[in-house]
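Per the numbering used here, the very first residue in the sequence shown carries number 6; after that it's consecutive.
By construction, these hints were calculated from the structure, which means they are not laboratory data.
Warning: the hint list may mix true and false statements.
What the hints assert, rightly or not - Using 20 angstroms as the maximum straight-line C-alpha spacing, the simulated EDC-like pairs for lysine to aspartate or glutamate come out as follows:
1. LYS71 x ASP9
2. LYS314 x ASP198
3. LYS100 x GLU281
4. LYS71 x ASP123
5. LYS71 x GLU160
6. LYS100 x GLU44
7. LYS253 x GLU44
Unchecked claim - Simulated restraints, written as ranges between beta carbons of each label pair:
8. GLN313 x ILE159: 48 to 54 angstroms
9. LEU85 x VAL306: 38 to 44 angstroms
10. LEU197 x MET6: 40 to 46 angstroms
11. VAL192 x ALA230: 41 to 47 angstroms
12. GLY181 x THR305: 24 to 30 angstroms
13. LYS71 x ALA286: 47 to 53 angstroms
14. LYS71 x GLY239: 34 to 40 angstroms
15. ALA245 x VAL316: 16 to 22 angstroms
16. TRP231 x GLN313: 36 to 42 angstroms
The beta carbon of each residue, even a glycine, is placed where N, CA and C say it ideally should be.
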Amino acid sequence: MTLDFWRICLSNFMFYAAVWALLPILPAQCYLMGMNQTEMAFSFLLFVAAMIGVGPLHAFLGDAFKRKYVLMLSTFTIALCYGGWLLATEIWHAKLLMLLAGASFGIATTAGITIGIDITQSHRRGMGNRIYAFSGALGMLLGICCLSPLFLTIEFSTLIIISLILFFLCLIVEAGVYVAFRAPVGVGVFNLDRFFLPLAWVPAVNICILSFGIGMLHNLLPPYAWIGVFMMVGLTIITAPLTRLFVKLSHHCQRGTANTTMQLATQAGLILGLVEGERIANNLLFGSITILLSVLMFGTVTWSYFKQKRVRP
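Use the sequences and the hints to build the structure in full.
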């Protein structure tokens, strides 16, 4: 692996740490701004909708503009959205910030995956995919389990500053990554390339359900808070093998699409689970049942589907 590859992995690690340092405690901040549960849930749905809604533009953005600049601009934009929480005073401010942050997050996620693949030697891209995905999972683990709990001991504004510092460091590292020029191929503005792999829809649903249950468990209070941390560690560990599973369902030149499909399913599930965990009382029971159902689905449906539909050896 080249030095540039390790740089993009470090950038990915800091990016996910920065995003998830703040995201889990935004529901509490929404309540302080006067939102009710329905309005708070709608705000997070805006984030997920924007994250997925920009998907059909991924291939066009990566073809029409320099990929590194797409990554840096989207990273900078979500950093601005996070910084905007320092000034947000109205409910519509929060909704607008969530919408823009979701779109930026979706673009940055795919742009990073694309660059990570493009700067890796073709015969090592399988390993590169897994390492890159694992770096993001580690960053997410740091953000959720180590940084966001600081909200209990420090000011909300201080946590925002910590997140912004991580974004700033992320941008510095991204700027140092060399990405070779690639001539545009003239793809259409809207398409599924670099966004969603139809052949992987079953494992995508499966990982979304699993992440949803884990997101619900993140809201547990002592003495059960360790359960959410344990499940996040488990999700981090299985990220690499799950990435390999998705890639094996992809045809030639669909590697990036497979990676993006898995990441979007994981992130959407976690965010929606996080929100739902805030809305119901017995999130330990419902979260555990959801995780159990996802495991049963993998054993009875997903694995069989994978063996029948896999494309790569």
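**Enumerated hints in conflict with the structure, sorted upward** = 5, 7, 10, 12
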